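Assemble the whole structure, with the sequences as input and the hints as a guide.
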Amino acid sequence: MLRIRNMEAGYGNLRVLKNISLHVDGGEIVTMIGANGAGKTTLLHTIIGLVRPTRGEVLFLGQDCRRLEARRIVAAGCALVPEGRQVFATMSVEENLILGGHVLQQREGRAAVLRELGHQYELFPVLRERRQQLAGTLSGGEQQMLAMGRALMSRPRLVMMDEPSTGLAPLVVRDIFRVVVRLREEGNTVLLVEQNARAALGIADRGYVLETGRVILQGPAGDLLANRDVQRAYLGREKIA
Amino acid sequence: MAREDLEQLQLERLQSTLYRVGTRVPFYRKKFEELRLNYDDIRSLDDLRRLPFTVKQDLRDNYPYGLFAVPLREVVRVHSSSGTTGLATVVGYSRNDIRTWSNLTARVLTAAGVTRDDVIQIAFGYGLFTGGFGIHYGAERLGASVIPISAGNTKRQIQIMQDFKTTALVCTPSYALIIADTMMEMGVNPAGLSLRYGLFGAEPWSEAMRAEIREKLGIIATDNYGLSEVMGPGVAGECQECNGLHINEDHFLLEVIDPETLEPVAPGEVGELVVTTLTKEAFPMIRYRTRDLTRLIPEPCPCGRTFTRMQRVMGRTDDMLIIKGVNVFPVQIEKVLFEIEGTEPHYQIIVERENHSDKVTVLVEVVESIFFDEMKKQRGMVDRIRARLASELGIGVDVKLVEEKTLERSEGKSKRVIDKRKL
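If you read the sequences in order, they're chains A and B. Sequential numbering from 1 applies to the first sequence in the working numbering. Sequential numbering from 1 applies to the second sequence in the working numbering.
In case anyone wonders, no lab produced these hints; they're calculated from the structure. None of these values were measured; they are calculated from a predicted model. Among the hints, erroneous ones may be present.
What the hints assert, rightly or not - The calculated label-pair distances, taken between Cβ atoms and stated as ranges, are:
hint	chain 1	residue 1	chain 2	residue 2	range
1	A	Thr212	B	Asp318	17 to 23 Å
2	A	Arg128	B	Thr306	46 to 52 Å
3	A	Thr54	B	Leu72	53 to 59 Å
What the hints assert, rightly or not - Quick partial rundown of chain A residues pointing at chain B, CB under 8 Å, derived from the structure:
hint	residue
4	Arg3
5	Asn13
6	Arg15
7	Lys18
8	Ser21
9	His23
10	Ala169
11	Leu171
12	Arg174
13	Asp175
14	Val215
15	Leu217
16	Gln218
17	Gly219
18	Asn227
Cβ atoms here follow ideal geometry from the backbone N, Cα and C, with glycine treated the same way.
Okay, here's the thing in C-alpha cells:
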C-alpha cells in the first residue's frame with residue numbers, strides 16, 4: 001500500500017525527517033508513536049504531498065508521490081484526518097461530510113456520495129443525530145468523529161489520522177479507537193499517528209517509534225508494548241510484565 | 001512473502017538496529033566513528049558491506065557485558081560459551097528476544113514436520129548452552145509436548161522414548177547414532193517406537209550420517225543451524241525436502257564472503273557465513289563472522305517457502321573443533337598446558353570418533369628434567385591437566401604424557417590437531 005525508503009524532509013534548512021523507511025500493508029493498522037516535535041505530522045504531510053521530501057522515495061499504491069500534487073494523492077485514495085479536527089465550524093455536519101465526498105463525486109457521481117453518507121451515519125450514529133447542527137457547536141469528540149467521517153467520505157484506500165485522541169476524555173478516546181478497529185474490520189488500512197502510545201499500540205498491528213526525526217524502533221505492536229524503552233518514554237510507567 | 005516486501009522489512013529493521021547499536025554500544029559507536037560512518041548512510045541492503053565486521057575476539061574483549069545494547073536490568077537471560085575469562089563469550093536476551101527466539105525455533109520445528117500433536121524429546125544440553133532452551137521454547141510455542149531430558153544417560157533416553165511415546169527427537173546427529181546403537185544392544189526395535197522426526201544440529205555432519213540415521217531409526221532427519229553469538233538455534237532450518245536450510249531472513253541478514261579478501265562471493269559460491277541480526281534487542285550483532293563455511297542456494301525450494309536456503313555447514317575457516325556439540329579451540333587447551341608447570345608448549349590434540357562418540361586425547365611433551373621414572377608424579381600431573389581441561393572445556397578428555405621431541409613437527413612446530421573423524 002505505502003512504502004517509504006530513506007525519506008528526508010523538512011522546512012527550509014531544518015531537516016525534520018532523517019532517513020525514514022517504513023511501510024503499511026493493506027488491511028493493517030500501523031501506528032507511529034513519538035513525542036512532540038519528533039516529526040510525526042511532518043511525516044503525514046510529506047506522504048500526502050503538503051511537504052516535499054528532499055530525498056528518498058515515497059510509493060503509494062506503486063505510484064511515486066514525490067512530484068504529485070496533494071489533490072492527486074488524495075484522488076489516488078489517500079486521506080488525512082488532520083490534527084485538531086479542523087472541521088468547517090460554520091457549516092452543518094452534513095455539509096462537512098458531503099464536502100469530504102467531492103473526490104468520490106468526481107469519480108462515481110452524486111449517488112455514490114449519498115450512499116457513502118449513509119455509511120458514515122451508520123459508523124457514527126451521533127453524526128446522524130446532529131446532521132443539521134453547525135459543526136462548530138459539536139463537542140470535541142463529536143468533531144473528531146466528523147473529521148474522520150469527512151475523510152472516509154472519499155472511500156480512501158489509506159486513512160491517515162493525526163493524533164485523534166488529543167484533548168479528548170478517556171471514554172471518548174475509547175469510542176474513537178473502537179471506530180478505528182471497525183475500519184480495519186471493514187478492510188480499511190490505517191496509519192495512526194499518536195502520542196497516546198498505549199492506546200495506539202493496543203489496537204495496532206505494528207508500530208514505529210519516531211524520535212527526533214528517526215525511526216528508532218519498529219515491530220509488532222505487542223513487542224513494542226513490552227519494550228522497556230517504549231515503556232519508559234511513552235507509556236509513562238514501567239510495567240512488570 | 002514477496003522478495004520486495006521482505007527487503008523493505010529488512011531495510012527498516014537494519015536501520016533501526018544500526019541506530020540502536022550506534023548510540024548505545026560504545027564498541028560500535030567507536031567503530032562507526034573510525035570509519036566515519038553514520039548510520040544514516042546505510043540506505044540499502046547493499047550498503048551493509050560498508051559496515052565493519054564483528055569477530056569472536058571482539059566478544060572476548062568485551063567480556064562479559066560490553067556489547068549489550070540494553071542495561072542489564074532489561075536482560076532476562078544470559079548464555080555463555082565454554083571457556084574461562086578471556087576466552088569465554090557472553091550473550092544476553094531481553095524479554096522480547098526470548099519471544100522472538102521462541103517464534104523462530106517454532107518455525108524451524110514446523111518446517112521439520114513437528115506439530116502441536118508431537119511429543120518432543122530434547123536431548124540437547126540445557127544450561128549455558130543455547131541448544132536446549134532454544135528448541136524448548138519453540139516446541140512450547142507450537143504446543144508440542146516437551147520432554148526436557150537434556151543430554152546423556154542413553155538407556156534412560158531410550159526407556160523414556162518408549163514409555164512416553166516420543167515422536168520427535170532433538171540432539172546432535174552423532175548422539176542420534178549412539179542412541180540407535182544402544183537400542184540395538186538393548187534389543188529395542190526402532191520400528192516399534194513412535195519416533196517420526198529428528199532435528200539435528202550443533203555439530204557438522206554429512207549426508208552419509210543422515211542416511212545412516214534415517215536407516216537405523218526410520219525417521220525424517222533434518223538439519224538446523226544457529227550459533228549463540230547471534231541467538232542460538234532458530235537462524236535456519238531444513239524443511240522436509242532435506243535439501244538446504246531455510247534462513248529466517250526477516251530476522252537475520254546473511255552474507256557469504258571470501259575469508260581472504262572479505263569481499264562477497266558470487267551468488268551460490270562457497271565462503272564464510274556472516275550474520276547480522278535485525279531484531280535482537282539485548283545483543284545485536286553487526287556482520288558477525290561465523291567462521292562457518294557454506295553457500296547460499298539461490299534456486300527456489302519445492303516446499304514453497306520463499307526464504308533463501310543455505311547449504312549445510314561444510315567446515316570452518318579457523319581451527320575450532322566441535323566435540324560432542326561443544327566448541328573447543330586449541331588455544332584453550334594450550335592455555336591450560338602453559339599454566340601447569342613442567343610442560344613444554346608442544347602438544348597434539350587427537351580427535352577420533354568411536355562408536356559415534358567423539359573422543360579427544362591430548363598428547364603432551366614433558367621436559368626431561370621432571371620426567372623421572374616417578375610414576376606417582378606423572379599420574380599426578382596427568383590428573384591435574386585432565387581436571388583443568390575438563391573445567392575449561394566442559395568436556396572430558398584423555399591426557400597422555402609423551403617424551404620430549406616425540407611429537408611430529410612441521411617447521412619446528414608440532415602439528416596441533418589431528419582430526420581422524422570422517423564427517
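Taking the hints in turn, this is what the structure says about them:
{"no.": "1", "hint": "A:Thr212 to B:Asp318: 17 to 23 Å", "verdict": "violated (42 Å)"}
{"no.": "2", "hint": "A:Arg128 to B:Thr306: 46 to 52 Å", "verdict": "holds (47 Å)"}
{"no.": "3", "hint": "A:Thr54 to B:Leu72: 53 to 59 Å", "verdict": "violated (41 Å)"}
{"no.": "4", "hint": "Arg3", "verdict": "holds (6 Å)"}
{"no.": "5", "hint": "Asn13", "verdict": "violated (17 Å)"}
{"no.": "6", "hint": "Arg15", "verdict": "violated (10 Å)"}
{"no.": "7", "hint": "Lys18", "verdict": "holds (6 Å)"}
{"no.": "8", "hint": "Ser21", "verdict": "holds (5 Å)"}
{"no.": "9", "hint": "His23", "verdict": "holds (5 Å)"}
{"no.": "10", "hint": "Ala169", "verdict": "violated (33 Å)"}
{"no.": "11", "hint": "Leu171", "verdict": "violated (31 Å)"}
{"no.": "12", "hint": "Arg174", "verdict": "violated (27 Å)"}
{"no.": "13", "hint": "Asp175", "verdict": "violated (31 Å)"}
{"no.": "14", "hint": "Val215", "verdict": "holds (6 Å)"}
{"no.": "15", "hint": "Leu217", "verdict": "holds (6 Å)"}
{"no.": "16", "hint": "Gln218", "verdict": "holds (5 Å)"}
{"no.": "17", "hint": "Gly219", "verdict": "holds (7 Å)"}
{"no.": "18", "hint": "Asn227", "verdict": "holds (6 Å)"}
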